[in-house]
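Peer 1: Given next are the chains, with one letter for each unit.
Number of protein chains: 2
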Amino acid sequence: MKKFNVAIVGARGAVGKKVMELLVERNFPINKLKLLGSEEGSGIQIKFKDEDLITEQAGKGAFKGIDIAFFCVNKEISEKLAPIAIDEGCIVIDNSSCFRMNKEVPLIIPEINPHDIDFHKGIIANPNCSTIQMLVALKPIHDSYNIKRIVVSTYQSVSGSGKKAIDELNDQVKDYIAGNDISNSIYPYQISFNALPHIDDFIENGYTKEEMKMVNETKKILDKNIEVSATAVRIPVIKGHCESINIQTKKKIDPESVKELLSKFKGIKVLDDPLNNLYPIPITAEETDYVYVGRIRKDFTIKNGLNIWVVSDNLRKGAALNAIQIAELLIDRILKY
Amino acid sequence: MKKFNVAIVGARGAVGKKVMELLVERNFPINKLKLLGSEEGSGIQIKFKDEDLITEQAGKGAFKGIDIAFFCVNKEISEKLAPIAIDEGCIVIDNSSCFRMNKEVPLIIPEINPHDIDFHKGIIANPNCSTIQMLVALKPIHDSYNIKRIVVSTYQSVSGSGKKAIDELNDQVKDYIAGNDISNSIYPYQISFNALPHIDDFIENGYTKEEMKMVNETKKILDKNIEVSATAVRIPVIKGHCESINIQTKKKIDPESVKELLSKFKGIKVLDDPLNNLYPIPITAEETDYVYVGRIRKDFTIKNGLNIWVVSDNLRKGAALNAIQIAELLIDRILKY
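Protein chains in written order, with my numbering: chain Z, 8 to 344; chain H, 8 to 344.
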């Protein structure tokens with residue numbers, strides 16, 4: 008069985024760490040793992056399986072001999088480093104939003120559009136966390152009933168903003184208990200005991216970039232004819248994003264058939280027995296691979312309307328897991344064992 | 008100026024306490040205040056202005072000589088005590104859901120349907136917290152543009168479940184910091200660092216009673232032709248409910264005109280300058296009387312679509328303040344000064 012040389016750029020961040028963890032968990036065919044980061048972040052010892060790896064600076068020469076690099080950094084760093092990596096013969100799986108809407112770059116959710124990977128030119132983009140879990144849940148519904156329009160409101164955890172945001176929430180909660188003043192630096196306001204309708208930057212049309220990612224990535228991945236109206240909100244949860252999704256389909260839809268359809272779809276777990284308090288919640292999704300769907304019910308206010316509630320671990324299926332599944336798909340369809 | 012004998016039933020709960028506080032703050036024309044509660048809750052000394060009041064047991068005889076009673080208890084207790092109070096000549100302003108949909112009972116938001124109070128037969132119902140803030144925000148929009156359909160997802164604080172729920176969240180956060188196991192009794196799961204798509208009981212159609220309150224109360228208060236599709240979610244916030252609201256109107260609508268319209272409406276404060284991080288959040292709304300509206304933007308996916316984000320203190324405008332405003336309206340229109 009062929010093994011591959013793999014690099015992680017940004018190995019010490021929340022997503023980078025999760026990629027390392029999942030490479031072991033999924034027994035990914037690794038020959039050599041290289042951990043790359045900033046200049047200040049290099050020279051640090053990190054354990055991987057039985058080895059002690061030392062982080063190295065990402066830059067020219069760092070990607071020579073590497074087959075696949077997981078980029079777990081922001082879009083500015085991705086933009087700078089991806090061309091270098093490609094030049095040195097490496098395939099980049101990029102977690103940032105940098106290349107997602109680039110027509111030359113496939114944007115992949117393996118359960119939805121695996122064959123798009125065949126057209127890659129060195130970069131494969133991993134979609135936004137909120138988009139991934141929404142589209143996994145909606146793919147089987149769209150295939151059967153043809154979705155026209157989506158109205159979605161998100162409930163997103165702080166881990167989506169990285170390790171420092173998790174620390175900020177923890178610190179704020181500690182200060183609250185101690186009766187100290189609460190300070191903030193990652194978010195414009197305290198996130199503890201609060202809710203912020205503000206994820207990523209605002210643009211001129213009044214939406215945030217996060218909201219527009221859900222609009223545009225849905226069109227690129229699932230169907231360009233689907234209209235999405237999104238409101239993205241940060242809440243004081245550590246891991247796991249929730250989404251309240253309202254859809255209208257072209258074909259007649261009923262909740263019972265949808266439940267059955269979703270139950271059969273790979274990667275989805277239906278939790279929907281509300282009278283017994285069974286519905287998806289972040290603490291159930293935490294550290295698991297599934298996209299959980301519940302509260303599946305008819306929207307009585309419109310023809311062919313449906314409401315669902317979707318929860319998933321944003322660091323796993325929303326980021327690291329989907330990136331590794333892309334790498335597995337790449338090996339399966341292109342690099343071959 | 009005429010003064011009134013007032014009673015608070017459930018004076019030691021979260022809403023009851025807030026009613027007491029607001030009676031002072033608003034300089035309500037009180038002659039005598041009587042604090043009523045359960046048998047176990049009687050005989051307790053509570054300060055009101057310069058007086059030390061002693062709680063008494065609610066029941067037969069307790070409402071004699073009382074003009075207005077604020078009922079801040081659950082619907083079972085309201086159902087039992089309201090007929091007694093009426094019988095003893097007292098007008099009941101009820102915070103529970105017990106009488107809201109009763110055709111003989113006016114359901115009042117003073118900014119919206121003040122004249123409905125004229126038909127009262129002894130009970131006036133205070134609407135659900137989530138309904139009040141949504142309808143205050145939507146009233147001026149409906150008057151100008153005629154709302155056809157609302158899709159709303161809520162982000163509700165624990166104070167909506169009363170004082171014990173605030174204690175439960177605080178205890179859970181303390182246990183989390185101390186590294187102890189987290190226990191729960193008010194909610195079916197931990198609420199700290201979590202989100203529960205479950206407020207009040209589930210009914211057969213898959214919705215919760217909380218969600219159906221938003222549907223039915225909107226029709227009774229604002230317009231029976233408005234369709235509401237609701238998802239109600241509890242999040243770990245102490246005070247202040249948020250709502251992500253998507254509407255479609257019959258008339259052509261544009262965000263700038265809506266912003267102007269809302270700015271002029273009594274009880275609303277528009278906070279909408281996202282590029283300067285200005286949007287409503289729970290910690291801004293806490294302990295204030297306004298319904299805050301922001302993120303006012305066109306929904307590009309539908310004809311005459313609009314998205315808004317609404318936040319208000321659920322114990323104030325969502326409960327105690329609206330109840331007192333009903334009492335003020337009652338004095339103004341019926342009891343007279």
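If you're looking for bench data, these hints aren't it; they were derived computationally from the structure.
All C-beta atoms, glycine included, are put in the ideal place defined by N, C-alpha and C.
Possibly wrong hints are sitting among the right ones.
[Stated by the list, open to error] Once the Cα atoms are required to be at most 16 Å apart in a straight line, the calculated EDC-like pairs of lysine to aspartate or glutamate come out as:
hint	chain 1	residue 1	chain 2	residue 2
1	Z	K305	H	D182
2	H	K181	Z	D182
3	H	K305	Z	E234
4	Z	K310	H	D182
5	H	K181	Z	D178
6	Z	K310	Z	D261
7	Z	K87	H	E234
8	Z	K181	H	D182
[To be verified] Pairwise CB distance ranges (calculated):
hint	chain 1	residue 1	chain 2	residue 2	range
9	Z	K181	H	N38	47 to 53 Å
10	H	N177	Z	G50	29 to 35 Å
11	Z	N284	H	L285	56 to 62 Å
12	H	L285	Z	S264	19 to 25 Å
13	Z	G186	H	K170	15 to 21 Å
14	Z	N284	H	R33	29 to 35 Å
Peer 1: For which of the previously enumerated hints does the structure constitute a violation, in increasing order of number?
Peer 2: Hints 1, 4, 7, 10, 11, 12, 14 are the ones this structure does not satisfy, whereas the remaining hints hold.
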